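Chemist: What follows is the residue order along each chain.
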Amino acid sequence: MELRRAPRTVIDPKVRQVGFITPGATLPPARSHSVPTDACSTSPPALDVSLPGSSISPVMIPPPRHASADGLSSLARSAATAAAPVPVPVPASHLRRDTVQIPVGSYNPSETLLGSSPMMSPSSGLDAGSEFSNEVPTSTWLGRRGSGKFASSFPATSGEMMAMKTTGGGGGGSTPKSSLTTASVVKALPGVSEKDGGALIEMQNEGTSKPQKQKTSKAERRAIQEAQRAAKAAAKEAGGVKPSASSGGAVPALKQGKVAKPSSQRKDGPQVTAPVTSSEKKVVDRLPEKDRKKDVPHPRMQFDDKHRVEKAKRRAVVNQSEARSRVELFRHLPQYIRGTQLPDLESKFFQLDPIHPSVYKVGLQYLSGDISGGNARCIAMLLAFKEAIKDYSTPPEKALVRDLTAKIGSYVSFFIECRPLSISMGNAIKFLKSRIAKLPHTLSESEAKSSLQSDIDRFINEKIVIADKVIVRHAVTKIRDGDVLLTYGSSSVVEMIFLYALELGKHFRVVVVDSRPKLDGQALLCRLVAKGLNCTYTHINAISYIMHEVTRVFLGASSVLSNGTVYSRVGTACVAMAAHAFQVPVLVCCEAYKFHERVQLDSICSNELGDPDVISKVPGWKDLNHLDNWADNENLQLLNLTYDATPSDYVSMIITDYGMLPPTSVPVLVREYRREHLWI
Amino acid sequence: MWLRSASFVLDKRLQQQEPSSFFHDPRDSAQPPPPSPSVDPMDQNPDPNPNHGISAYYQTRAEHHAVVSSDWLAQAQAAIGRGAAPPSGCWPSAAASSAVAARTGSVGGGGGKPFSVIDEFNYWRKKPDLAEAVAAIMALAAVIRSSEATTMMELEIELKKASDTLKSWDTTSISLSAGCDLFMRYVTRTSALEYEDFDAAKLRLIERGEKFGEISLKARRTIAMLGQDFIFDSCTILVHGFSRVVFEVLKLAASNRKLFRVLCTEGRPDRTGLRFSNELAALGVPVKLLIDSAVAYSMDEVDMVFVGADGVVESGGIINMMGTYQIALVAHSMNKPVYVAAESYKFARLYPLDQKDLAPALRPIDFGVPIPSGVEVETSARDYTPPQYLTLLFTDLGVLTPSVVSDELIQLYL
Chain A
1 MELRRAPRTV IDPKVRQVGF ITPGATLPPA RSHSVPTDAC STSPPALDVS LPGSSISPVM
61 IPPPRHASAD GLSSLARSAA TAAAPVPVPV PASHLRRDTV QIPVGSYNPS ETLLGSSPMM
121 SPSSGLDAGS EFSNEVPTST WLGRRGSGKF ASSFPATSGE MMAMKTTGGG GGGSTPKSSL
181 TTASVVKALP GVSEKDGGAL IEMQNEGTSK PQKQKTSKAE RRAIQEAQRA AKAAAKEAGG
241 VKPSASSGGA VPALKQGKVA KPSSQRKDGP QVTAPVTSSE KKVVDRLPEK DRKKDVPHPR
301 MQFDDKHRVE KAKRRAVVNQ SEARSRVELF RHLPQYIRGT QLPDLESKFF QLDPIHPSVY
361 KVGLQYLSGD ISGGNARCIA MLLAFKEAIK DYSTPPEKAL VRDLTAKIGS YVSFFIECRP
421 LSISMGNAIK FLKSRIAKLP HTLSESEAKS SLQSDIDRFI NEKIVIADKV IVRHAVTKIR
481 DGDVLLTYGS SSVVEMIFLY ALELGKHFRV VVVDSRPKLD GQALLCRLVA KGLNCTYTHI
541 NAISYIMHEV TRVFLGASSV LSNGTVYSRV GTACVAMAAH AFQVPVLVCC EAYKFHERVQ
601 LDSICSNELG DPDVISKVPG WKDLNHLDNW ADNENLQLLN LTYDATPSDY VSMIITDYGM
661 LPPTSVPVLV REYRREHLWI
Chain B
1 MWLRSASFVL DKRLQQQEPS SFFHDPRDSA QPPPPSPSVD PMDQNPDPNP NHGISAYYQT
61 RAEHHAVVSS DWLAQAQAAI GRGAAPPSGC WPSAAASSAV AARTGSVGGG GGKPFSVIDE
121 FNYWRKKPDL AEAVAAIMAL AAVIRSSEAT TMMELEIELK KASDTLKSWD TTSISLSAGC
181 DLFMRYVTRT SALEYEDFDA AKLRLIERGE KFGEISLKAR RTIAMLGQDF IFDSCTILVH
241 GFSRVVFEVL KLAASNRKLF RVLCTEGRPD RTGLRFSNEL AALGVPVKLL IDSAVAYSMD
301 EVDMVFVGAD GVVESGGIIN MMGTYQIALV AHSMNKPVYV AAESYKFARL YPLDQKDLAP
361 ALRPIDFGVP IPSGVEVETS ARDYTPPQYL TLLFTDLGVL TPSVVSDELI QLYL
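Residue numbers (the UniProt record's numbering), protein chains in the order written: chain A, 1 to 680; chain B, 1 to 414.
Check before you lean on any hint, since a few could be wrong.
One side of the interface only, derived from the structure: several residues of chain B facing chain A at Cβ under 8 Å [to be verified]: (1) 197; (2) 198; (3) 199; (4) 201; (5) 222; (6) 314; (7) 349; (8) 353; (9) 355; (10) 375; (11) 379; (12) 411.
Residues of chain A clear of chain B, computed beta-carbon distances all greater than 10 Å [stated by the list, open to error]: (13) 388; (14) 484; (15) 509.
Just so you know, these hints were derived from the structure itself, not from any lab. Note that the coordinates shown come from a computational prediction; the quantities given were computed from them, not determined experimentally. Even for Gly, the Cβ is constructed at its ideal location relative to N, Cα and C.
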């Protein structure tokens, strides 16, 4: 379990399961008694009932702190981590538990306050957050994150009970009012709001938390303000739109619930779905997640969720203007109008102190497309991080581990704004964060920094450079004299394979298949021809014509998912299918660090949209201007996908640094080696 | 019998100097002739089979499975009799030339003890019931036993050299190299290497080596137990080639009073099907012989196909005697299950993409009539059956689907 908790990539929706928390601390045996049942059956009605009645508006739904990506969450997180090691003791009797819950109550109200009255002092929220960390959030969370995931069993905790009670007892008042609150989304789920109400009441009973004010840092204050603003905005929106509309996000949210942004919506789904049993477990995880959350926008944010997008935009450094007409199926993906941001960003260069110049530079290169390709992007990112770490110094009164993780998180969010992360980058970030988290506390700052830098170097060297060499060695054994090898697009590993085979004196011919609009096969073609290889160049339209003379297809991949699906440049699936139809073996070359345990069945749910303009414009053809003003035509949408998913049926073999595997063995590799090796 | 066919005689004449020729034709004399002392094992290692016309692997198989003859029986008896002798050291002593001694000297670092893996291996290999891989495992175990290394590292290097020697002895045998690799993994991947005391560590290695040999020996029985459950009363089973594992499965099923019928392919060119049908008939199982080209014709009356394997590759497919692939194709197209019985020491880290993606194992074919000049003959002895045409694999690790093979290999080797 611990291993699993290592921080995960931002990309991964499952991130939430993972955490830095030491398991020992979080699992007090005392809690193990089966609380939930008690709670359900015996929950004191009086208490619950009273809750709604109490003066504080029960309606308001506290934005789930864990969910909020913003400063709030980070605050909560820090508080939580602090609190983490000391689990709140849960009294055996559930009655008492209510009182115990204080932390919960205290927390929630603050949030509600935020939502309704921005005036509330931010500090209260903070405090609440710290206390809150122990238990309460579970209920909200639980629902959201699919129950089964966490193996770590945190015995049923009070938080869950609370949820149960509130849902059972609270009944009345909350729903109607909900529309007013920020979390209008919640409306649909009465349970949630009620629970909150319950929380509130409790909090009042105990009021203890408030007194403890802490000094908030500037960043924290800003974060809080932002949250408040967001809450207001949400409230407005809710008033008009009604829950269903805004909460459209709720459904998708279940999946991604991970990090992100908007606090208010987050809470929706959970209660409704939250299975009681599962909920118990999650409490533990919560803390770790908080750590992770940071300010990173959810990498797989659903961009058809207006509310969230708005929020993300507010915090964004990069001012991406969204394209107006988007293809129906792909509305959940970000679609920007390209080319407008560069000058803007350049002008901002000197104002962006939080972002290290090297990170900034790499981000801009992503944006302009100067760096592309999974390995290149990943290496550039890691080197930028290395620079940033070199120049990093821990601010006073902060721990390097925490602060640096947050820093990296903000860099990552910047990268995401420039261009969505690739899975390889996600894995690299996961690695880096786990290294940071595992730094021994005894290390001095300079030692820690140098150890991190050498870790980064080692990752680049072992996982990318040497892995490529190993792949090349393996792949070359599959090239025989007289072969005709086909490749698609431009993959760095495949190029190395061809060149190495040439070095070995094998006689073969290469077919480079390319496609508009990127035409990156041309660069590959030039390099191969310059080395004296006999090449054929064609476009993907001719694939079925050229395939009959091909004996092997070598493809690169952006990622290999655990059902064997190859996630790669758009068009790869087409090539693989054609090859399959012609009984030509398809060899996919992919370093093991790009493997991912996610399963994906289509190319729709996770993809990246490119600039639609480039497909409408054909360079060199002046008269082909039918699509010049396509954006003005409401009935026309252009779709420029970046990736597609190749089903494993069409893949004969995956060549990794661990050898040559059938696609069915990817999950084994991920399971067996991810923990120790892939992430080192 | 291709051994006595004209082409074989011709081949043999060409390879008079071939060192391993003495066990090619054991049936010509009851006792295997002593190896000629002039042969230097050093030479044979890099390229033990100078004539690439014949795969040594199939020569061994021919010895073991050819149609029963009196001289074969005599040879088998002799082999068994010798089995009682202590396995290490003493047997090859007569044969071992000074060159052998020199080699072991270089291998063991110690000195004059005449010990050669190859000789040891050949000794075990003679036993008709012993698979080649098991013979290799036994030979490697003997290497540890007779080693004079004084450090763990030395011993490991010695073992590695011995296994390389064995592997290079016959590069066409998949199970041989797979068995060697597995032995190395199994033996060296143990805490033994961390022991303080070298002798204790060595003992542990020997123990593990012997245990592994034992497991391999028992593998066939395990598979028979697992496989016979799939045979139901009144079913018809198509069998291709002679596989000792498949025979064991059928034998156990027959002894459990299951009533089934077996269709045996002829198994050209060495007609192993003849021997198989012979042995089955001796068990009282109704058998019918088919020529190899009658498979599709009789497939509709078949309930399941049973084949053995020379090697199981990483994709989950198998490499087996020529003809397996087409039988699997026919069975697949008629929705008949294809079961493969294979011991786990045949799992090899190979990944052929297609038929030609293998080191070819060649075997001369006797067409009974002279081949017209200018005509080429396909002499490859085996083919590769891709995993999608296989239903299940019966192994001593359990009944596996083809995709599990790779998982097991990953766990073993990575």
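Chemist: So, for every hint listed, does it hold in this structure?
Modeler: Now the hints, each set against the structure:
Contact between residue 197/B and chain A, as hinted, is not supported at the beta carbon level, the nearest pair being about 30 Å apart and thus beyond 8 Å. Taking 8 Å as the C-beta cut-off, the interface hint given for residue 198/B is violated, the closest approach to chain A being about 29 Å. Interface restraint check for residue 199/B: the shortest CB-CB distance to chain A comes to about 33 Å, outside 8 Å, so the restraint is violated. Contact between residue 201/B and chain A, as hinted, is not supported at the beta carbon level, the nearest pair being about 25 Å apart and thus beyond 8 Å.
Because the smallest distance between the Cβ of residue 222/B and any Cβ of chain A comes to about 23 Å, over 8 Å, the interface hint for this residue is violated. For residue 314/B, the interface hint holds, since its Cβ comes within 8 Å of a Cβ in chain A; the closest pair sits about 7 Å apart. For residue 349/B, the interface hint holds, the least distance from its beta-carbon to any beta-carbon of chain A being 7 Å, beneath 8 Å. Interface restraint check for residue 353/B: the shortest CB-CB distance to chain A comes to about 4 Å, inside 8 Å, so the restraint holds.
Among the interface hints, the one on residue 355/B is violated; its C-beta lies about 11 Å from the nearest C-beta in chain A, farther than the 8 Å criterion. Of the supplied interface hints, the one on residue 375/B is violated, with its beta-carbon coming no nearer than about 23 Å to a beta-carbon of chain A, more than 8 Å. Interface restraint check for residue 379/B: the shortest CB-CB distance to chain A comes to about 19 Å, outside 8 Å, so the restraint is violated. Checking residue 411/B against chain A: minimum C-beta separation of about 7 Å stays under 8 Å; hint holds.
The claim that residue 388/A lies off the interface holds: its Cβ sits roughly 34 Å from the closest Cβ of chain B, which is beyond the 10 Å cut-off. At the 10 Å boundary, the C-beta of residue 484/A stays outside the reach of chain B, the nearest C-beta of that chain being 14 Å off. Residue-level check passed: residue 509/A sits 17 Å from the nearest beta carbon of chain B, beyond 10 Å.
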